[in-house]
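Trainee: Take a look at the letters that make up each chain.
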Amino acid sequence: MSVFDQQSTRKPPISQIGAVLWLKTNLFSSWINSLLTLASLYLLYIMIPPLLDWMIFNASFSFGTVNLFGFDIKFSEAMATNQNCGREGACWPYIYEKLYMYTYGFYPRTETWRPNIVFGLTALLFVIVPLVKHYKHKNRVTLSLIILYPLVSYVLIAGGFGLLMPVSTDQWGGLLLTLIIASVGIIVSFPIGVLLALGRQSNLKVIKLFSTLFIEFIRAVPLITILFMASFVLPLFLESGNYFDKLLRALIGIALFQAAYFAEVVRGGLQAIPRGQYEAADAIGLSYFQKNILIILPQALKISIPNIVGSSISLFKDTTLVLIIGLFDMLAMVNLTSNDPYWLGRETEGFVFVTIVMWAILYTMSRYSRKLELRFNTENTN
Amino acid sequence: MSTDKSKNNKTNIIEISKLNKWYGDFHALKNIDLNVKEGEIIVVCGPSGSGKSTLIRCVNFLEKFQEGTILVSGTELTDDAQKIRKIRSEVAMVFQHFNLFPHLTIVDNLTLAPIWVHNETKLEAREKALKLLDRVGIRDQAEKYPNQLSGGQQQRVAIARSLCTSPKIMLFDEPTSALDPEMISEVLDVMVELAKEGITMICVTHEMGFARKVANRIIFMDDGQIVEENDPENFFNHAESDRLQLFLDQILTH
Ligand SMILES: Nc1ncnc2c1ncn2[C@@H]1O[C@H](COP(=O)(O)OP(=O)(O)OP(=O)(O)O)[C@@H](O)[C@H]1O
Ligand SMILES: [Mg+2]
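Chains as they are written, first to last, in the numbering used here: chain A, 1 to 382; chain B, 1001 to 1254.
Keep in mind that the hints were calculated from the coordinates and are not lab data. Glycine included, C-beta positions come from ideal geometry on N, C-alpha and C. One or more hints might be untrue.
[As the list claims (entries may be wrong)] Over 12 Å on every C-beta distance to chain A, these chain B residues come out as not near it, computed from the model: (1) ASN1020; (2) ASP1025; (3) ASN1035; (4) GLU1038; (5) PRO1047; (6) LEU1062; (7) GLY1137.
[Stated by the list, open to error] With a Cα cut of at most 25 Å, we get these calculated PhoX-like pairs of lysine-lysine: (8) A:LYS291 to B:LYS1018; (9) B:LYS1144 to B:LYS1128; (10) A:LYS291 to B:LYS1168; (11) B:LYS1131 to A:LYS136; (12) B:LYS1122 to B:LYS1018; (13) B:LYS1144 to A:LYS291; (14) B:LYS1128 to B:LYS1168; (15) B:LYS1086 to B:LYS1064; (16) B:LYS1144 to A:LYS302; (17) A:LYS205 to B:LYS1144; (18) A:LYS246 to A:LYS317; (19) B:LYS1196 to B:LYS1037; (20) B:LYS1196 to A:LYS291; (21) A:LYS371 to B:LYS1144.
[Stated by the list, open to error] Okay, the calculated bits of chain B under chain A, using three or more residues with CB under 8 Å as the criterion: (22) 1099-1106; (23) 1237-1250.
The shape of chain B in the complex, shown without the other chains (with noise of 0.2 Å):
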């Protein structure tokens, strides 16, 4: 297809090389190279511990590491409090948790950094913030409070909440798996969509029918280390580490 060739012209917007990352005396990054073009939908998956989370989380600076470069859209992440303000601003979040702010309404949930950090007037904010809210189905809750939402609910306006600022990278940590069974289509469906609408992702999830559906790349990770990469068909139909397939019998069973 016409798709895969463009992809291959397009810039790569993230480029991790060489990354090592320790929690004290643990070594929880080992060596991780990756480069995601622009566009391009990742999926990350591995068991727990695998150092899934400290990945993605390098990448927008919640985690510091100690070796290594990342390059986010060319820029260096480095301890420069304005840079990463800026590469904040451009590479959104989702958490497993939601981390919605309590004590704020929804639609102020997602106003906050519209106005804080962009600038915008409070009108323009607001009215984003409702379109936005219309898009992931609950803009009828805008004036509530967070914990009067389902968990559903609270993830779809934890991801509008980071579409606010027209990111160009979304990471997902575990979006669904804090979820009732029931409320996990419901979030999946937003990101199905924004996954056609050409936005650049990088998803930790376990919702292999996701990844199958929308990846162009699985990326398979244990002990720290990225022990495999692929396109989803080979992903799933000819792993070639045993450590990968015996995973996937893990979870395909369940």
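Chain A extracted, bound-state conformation (with noise of 0.2 Å):
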């Protein structure tokens, strides 16, 4: 029998590992390779200088003063006008005072505290969800958040009740609105993608062919046409005088627009769910909800959450649409604003401005959804 001396463990050699391999592997593998890590760096070093001279070096930010959640920062006396801002920077005095429309729209402004509660609760509500993640009632306390999450907002923001005085839908606006769509189009929708999915998949030919043929109606049309659709022609289908509200209108369309694309998600995930699951689920005597809720769902679920933040997030984006019905989002009220006389030609301004806040929301949203599908992905591999 031969004995073996224990090995020392040591370090890669240098070459193997930090930076230089970095870049040996990464950006110059190849000659051609090289060349695009070149053309990439003439590129940027034409591009960035400008912006940034643009944003940060040529422009202006300390006038008058900015509102933050219901916060005054004065940065001086002087107003803000378009005149004390130079031409050849970005004038962010501009953005400051347009800051309120940006992210409420027309709210009341002595109830400002309602939306800021309602984005409290939101950022909350991402911190709390990874939390939970070890206690015994996750799964409960989850689904009652993501329930409880859209009554409370709708609540504070709709008002008419008690002490709060109610705001009319077509005071909403801004962030907040984009916000509202967002997240009711998300939520709605995913119960009902999920429907579908197992509709497309079911034995029973009707529910199968009602389920396709919705599904491949919507994904056939673009989302601008369906928001005409449920905007102009939904309330022709209505009793005369049944005023229905232009915001639940779009929300409807986006929600059914939504609710295919992500059918088509789950679906992927169920079909990578083994055939062997479905007959063990069959051969313990439980019935088809049981199998689907217990076994199948949470499953295919789990395989789809890339697609299905991906999908949220091209939401997020398509919901900007809701500008062409007349209802003021963030980039509406971009818009809108760039008609002001006192701030004419600032329309850049506003439109860096709303690309920052959009690009700060998904990239944090994507980030968060990678970080989620670890965390679920460590119970069940080895």
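Bring the two chains, given one by one in their own frames, into a single complex with the hints.
Mentor: In structure tokens, the structure reads:
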């Protein structure tokens, strides 16, 4: 019998780790790759400096007052005006002045605390969901949060109960409206999408046909068309005089639209579940609904998380289309405020600002989902 | 022996008559007649594609059939979902590839049917599950997830899962053929124990040592038909058909 010495562990050779290796494998692995790297560097070189000049070095920051979530931050006594800013750089005081409209639309200024609570709740929801991961009733907690969140938000924002004065939906706008449309769209469409996905796989021919037709119809039509139909065609079917909120109509259209996409995403997950899982569930005597809720969907949804998030992100972006039917989400607000005669020629600042906000939100969402995915995966990989 | 006599008196727990099954145009089961008495251990063998899996999957209605009847405990299998669920709680099945639920812990795999199908409380179900895990020798793995276990352990969990609802009949579809050789015996040992306890079993398997040891009857299938059935002694030593003889020569020389 031979005995081996215990080998001491050591670090890999220097050329195989760190920045050197990274550069070699990622940027200069072949001559064509090196060429592309150099071309990209050149492009960045001609684009970044002028952009930074405009956004920062030549820009004006410190005039007037900025109101952030209800708190005033005063930069100077001087009123911010178009003339105080130079033409060669961005005029951020313009954004300070319009920030309220970008955030809340025409929401009454005395009631700002209500949307602020909703913004806070939204952030809290994102923090809480991963925290309850190891709590025994995590599914129940998460589900009730997801159902409670829109209800509480609605009560707060719409008001009309007790001390809360009613605020009609045509006063909702800006980021607040964007957030409402996106979250209601996602939360309402998700269960519908799951049902449609199951329907499309059903043995019952009628249900299968209906689900397939619905999904294929919606997916073949652009969201704009659906929004138009929801806001102009839908009322034609209703009894005349039955007033039906414009935002509600848009939400119905968006929810149906998104449901079709979720259905396809979930169907992809369902197809990845081996037949043996269905058979085992059948063999132990589970009913159709028990089988799907306890066995199939938890596995199918878990593998679908990246696609569910991807689809939600595109919906978030697509909500900007509601400006077509006269709802003032954040982007529509930028459009509207750029007509201000005191601030002619400052729409660029608005669009850059909205771009940054949108990017920050969506990037956070996608990072967040990746984290969620990793957490879910730890439980049964070995 | 007296056991043989008492078996003759026992009633048929499964009665299959004139069973015909097609997959599209393919005639997979041809006129199968088979009665199984309570407590009987039946081993089914035969070449690949002969319809063994199809036959036992008909018994718990995982496969629908077009002609013939199957009675389980006197209840005829029809398309009635309620009835099928009742029968499935009496007829458990163990699969070749275990088919454990990967998103649930071992103990949750076991308690699922008792809780949701038999309305047991979580506590009762868990207690019974732990006992069963003890019996198949893996109580210490109860809180792990299926893919943290070896194949042999997973199959023992699958057997424990199917025992959780106290079934009268157990169907095994090649329970050891996806296992590494060194794990086969740990699963067969569990099955031998079960056989001794008087549960009715139909096992599709090519483990001839197991068949010899515990089977009351061995059935040889080929081409969708039952070609021969006999007690182990005669089955192995006095094959009547050439097809069986050929089959035995092939598997016993390996
Ligand atoms: N879902 C199906 N669709 C079409 N044909 C099928 C299906 N399932 C089985 N068959 C066919 O029916 C025949 C019997 O299959 P079965 O699985 O019962 O064979 P088996 O005896 O269990 O074989 P093995 O030892 O390989 O498991 C085979 O020819 C197979 O190709
Ligand atoms: Mg088979």
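Trainee: Each hint needs a verdict: does it hold in this structure or not?
Mentor: Structure-based check of all given hints:
1. With a cut of 12 Å on Cβ distances, ASN1020 (chain B) stays outside the contact zone with chain A, its closest approach being about 22 Å.
2. Every Cβ of chain A is farther than 12 Å from the Cβ of ASP1025 (chain B); the closest lies at roughly 21 Å, confirming the non-interface assignment.
3. For ASN1035 (chain B), the requirement that its beta carbon stay farther than 12 Å from each beta carbon of chain A is met, with the minimum near 22 Å.
4. Every Cβ of chain A is farther than 12 Å from the Cβ of GLU1038 (chain B); the closest lies at roughly 21 Å, confirming the non-interface assignment.
5. PRO1047 (chain B), annotated as away from the interface, keeps every beta carbon of chain A farther than 12 Å; the closest lies near 23 Å.
6. Here LEU1062 (chain B) does not stay apart from chain A, with its beta-carbon only about 6 Å from theirs, under the 12 Å limit.
7. For GLY1137 (chain B), the shortest C-beta to C-beta distance to chain A comes to about 21 Å, beyond the 12 Å cut-off, and the non-interface label holds.
8. For the hint linking LYS291 (chain A) to LYS1018 (chain B), the alpha-carbon distance of about 32 Å lies beyond 25 Å, and the restraint is violated.
9. Under the criterion of a C-alpha separation no larger than 25 Å, the hint pairing LYS1144 (chain B) with LYS1128 (chain B) is consistent with the structure, at around 17 Å.
10. Distance restraint check for LYS291 (chain A) and LYS1168 (chain B): the Cα-Cα separation of roughly 23 Å lies within the 25 Å cut-off, and the hinted pair is therefore satisfied.
11. For the hint linking LYS1131 (chain B) to LYS136 (chain A), the alpha-carbon distance of about 23 Å falls within 25 Å, and the restraint holds.
12. Distance hint between LYS1122 (chain B) and LYS1018 (chain B) is unfulfilled; the C-alpha atoms sit about 43 Å from each other, more than 25 Å.
13. Taken as a hint, the LYS1144 (chain B) and LYS291 (chain A) pair is honoured in the structure, with Cα atoms around 22 Å apart against an allowance of 25 Å.
14. Simply put, LYS1128 (chain B) and LYS1168 (chain B) have alpha-carbon atoms about 17 Å apart, close enough for the 25 Å limit, and the pair holds.
15. Of the pairs offered as hints, the one joining LYS1086 (chain B) and LYS1064 (chain B) holds, with about 16 Å between alpha carbons and a cut-off of 25 Å not exceeded.
16. A C-alpha spacing of about 19 Å is found between LYS1144 (chain B) and LYS302 (chain A), which places the hinted pair at or below 25 Å, so the restraint holds.
17. Only pairs whose Cα atoms come within 25 Å are accepted, and LYS205 (chain A) paired with LYS1144 (chain B) is rejected, the gap being roughly 40 Å.
18. A C-alpha spacing of about 20 Å is found between LYS246 (chain A) and LYS317 (chain A), which places the hinted pair at or below 25 Å, so the restraint holds.
19. Pair hint LYS1196 (chain B) plus LYS1037 (chain B) holds up; C-alpha atoms about 15 Å apart against a cutoff of 25 Å.
20. Proximity of LYS1196 (chain B) to LYS291 (chain A) is assessed by CA-CA distance (about 33 Å); at most 25 Å being required, the pair is judged violated.
21. Between the alpha carbons of LYS371 (chain A) and LYS1144 (chain B) the distance comes to roughly 23 Å, so the proposed pair stays at or under 25 Å and holds.
22. For the segment 1099-1106 of chain B, the assignment as covered by chain A holds, since 5 residues bring a beta-carbon within under 8 Å of that chain's beta-carbons and 3 suffice.
23. Beta-carbon proximity to chain A at under 8 Å applies to 0 residues in the segment 1237-1250 of chain B; the threshold of 3 is not reached and the given coverage is violated.
Hint violations for this structure: numbers 6, 8, 12, 17, 20 and 23, all remaining hints satisfied.
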